[in-house]
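**Q** Construct the complete structure from the given sequences, taking the supplied hints into account.
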Amino acid sequence: MTSTAYENPAAPESDLRRRGIRLGDLLFRGIAVAAALAATVLLGWIAFKVFDLAWPAIQDFGLSFVWTDAWDPVTNEFGALIFIYGTVVTSMIALLIATPLSIAIALFLTEIAPRKLAAPIATMVELLAAIPSVVLGLWGIIVFGPWVRDHLEPWIQDTPLGWLPQFSGEPSASGIFTAALVLTIMIIPITSAICRELFIRVPKDLTDGALALGSTRWESIRGVMFAYAAPGIVAAVLLGLGRAFGEAIAVNQTIGNRNAIPSSWFEPGDSLGSKIASEYVGATSLEQASSILYLAAILMVISLATNLVAQFIVVRFERARRAV
Amino acid sequence: MKRILAVSLVVLAAVALAAFAGRTQSASAKPTAGSLVGTGATFPFPLISKWIPAADNALGIKITYSATGSGAGIAQITARTVDFGASDAPLSPDQLAACKGCVVIPWALAGMSVPYNLPGVSKRVILNGPVLANIFLGNITNWNAAAIRALNPGVNLPDTKITVVYRSDGSGSTYAFTNYLATISPQFKSKVGVNTSVNFPTGTGARGSAGVAGVVKSTEGALTYVDAAYSIANKFQFALIKNRAGGNATPGVRGVQAALCDLPAKVTALPQLKIVDPPAKCGKRAYPISTFTYVVVPTSSGDKAADLRKFVYWAVTAGQKFGPPLFFVPLPKSVNGFNYREIKKIQAGS
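For the record, the sequence lines run as chains C and Y. So the first sequence is numbered by my numbering: it starts at 1169 and just counts up by one. So the second sequence is numbered by my numbering: it starts at 121 and just counts up by one.
Simulated from the structure, these hints should not be mistaken for lab results. It cannot be assumed that every hint is accurate.
Unchecked claim - Some chain Y residues well away from chain C (every beta-carbon gap over 12 Å; in silico):
1. Leu211
2. Asn264
3. Lys281
4. Tyr295
5. Lys337
6. Ala353
7. Lys362
8. Arg364
9. Lys394
10. Ser420
11. Ile463
12. Gly469
Stated by the list, open to error - Partial list, computed: chain C residues near chain Y (C-beta under 10 Å):
13. Ile1309
14. Gln1421
15. Ser1446
16. Glu1447
17. Gly1450
Remember, it's a predicted structure, so these values are computed and weren't measured experimentally. C-beta atoms are modelled at their ideal positions from N, C-alpha and C, and glycine is treated no differently.
**A** Structural data, given as structure tokens:
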């Protein structure tokens, strides 16, 4: 009994045991390499398959598909501009609202809220991300959309913003604006959770130092915390953007699904993900099906590009910070 | 450098694998004899769900059906990944050619209703083809428009904006409804057209019957189209449609049956199955918006041919009695000859 507990750690291990460890080592390495390879192969395969199936449309319409403002399955005229517009505009509105809110939530949780309050609120905000998007979309149709139409949009029209053409026209339960607000709700948990993590990691010495030098709390947050966490915040925001770009179902349920670029954000439009979700299954012609896959290819390229830009910005910020 | 090489090798391997997988794909999803796999239209799904246990009892054939949409039904039967496809729209000449020897057999019939949400109006609203076409074209935008008031004397129609709600997913309901509107209105035919998904110039889209129903429920002044069975099951208020005889028709079994009066005594080709907007001689009861829905079967079906013949024949004969409780209308006798002839073409083949 005691001999095992006080074994000399420097003594050479038995051959059998060493081999056992080596086998485990080998097995672990094998699994790790296989998993990493499988992920890479899968990415390549999916990308290939999407472009392969989109090929008839890519050949038919060429690159002008991207800026063609038409989608008519009756006459087989297809273009992506309507959906690129819908995707980009809904995501940007969502980003514009979600970023300050997320940072504010993160600051509240790390700086202002007493610890007893911070933990449950943080959990609640993160649980918001656990609502399945289809459920959120359903709530968007039944509860949120009608509220936006009856209260929020008329209110916006009464403010000076109402003069903008984007906020003109008839308030509507489903449209670009409603979809953007639902996306906002979806990305806040992601960005605020990452921002909170970032703010917690800011070394206490730095903020204390700033306070000791006579800066106010806000000045220390602005000058020290933000500067320290900036690359992370950008990455968090872009991660949220990636989420917004790719969301299909909740947008599909709330954007109104009209094949047109609306002059007002209150009116229905459509997004890439939403269009793919709603029309692929019912596509009646090869042109339509492959045009939808062309949309999928565009969405994939946009999402990958966002991710790459995020990584690039993070690297640049890191470098700049090290140089200081 | 090494890293780039490794990545490119992996991508190359992936592409090779994908090409290989693409070639072997079509050999999958073929179960053993005595069972049939089908996919397609959602519109006849309630009826097919009744058929599945009944056909198992009567014929000993196990049927698996997934309601994926008419487009998927056509695509999958063309790729031969299933034994039969189902579609609410008859195949276009291009699709028929692509399907390489497929027969298209009408196997169910039902009406489309036009539900609306107008709180405070207890009397059924009456609409007709031209008014519906103008509403869906965006020409009529208010419930108290003169054209609607003229059809509804004595009804106090509110000054409410009409919100058109349509199916955003490809759907046989859209095909049936646009088919009716295009028959009535040349402007609708040229501006919008007939298809399972079209560009309505006005309104908002929603996914599936449940989706459009949800939007209509939460939007005052909304108007949409769904199959009659769905409307009745969910107790929706739906419009009466004025037909050519001047009657205000409902999409019940008798209304749809009356609309069949103009079919030839012996149907010989699918284009003869035009039942929307029936002529005045069909009577005041004839409901003007109804549609056939079809099964698509390859003429050379290998060892499945015998089971397919048995099942489709059973569906268009004995299977029809399951229809009326679900607001599906039994097929008219005039299509029997056509159906039997087409069913006979389903053979083992080469």
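**Q** Of all the hints given earlier, name the ones this structure violates by number, lowest first.
**A** 1, 3, 4, 5
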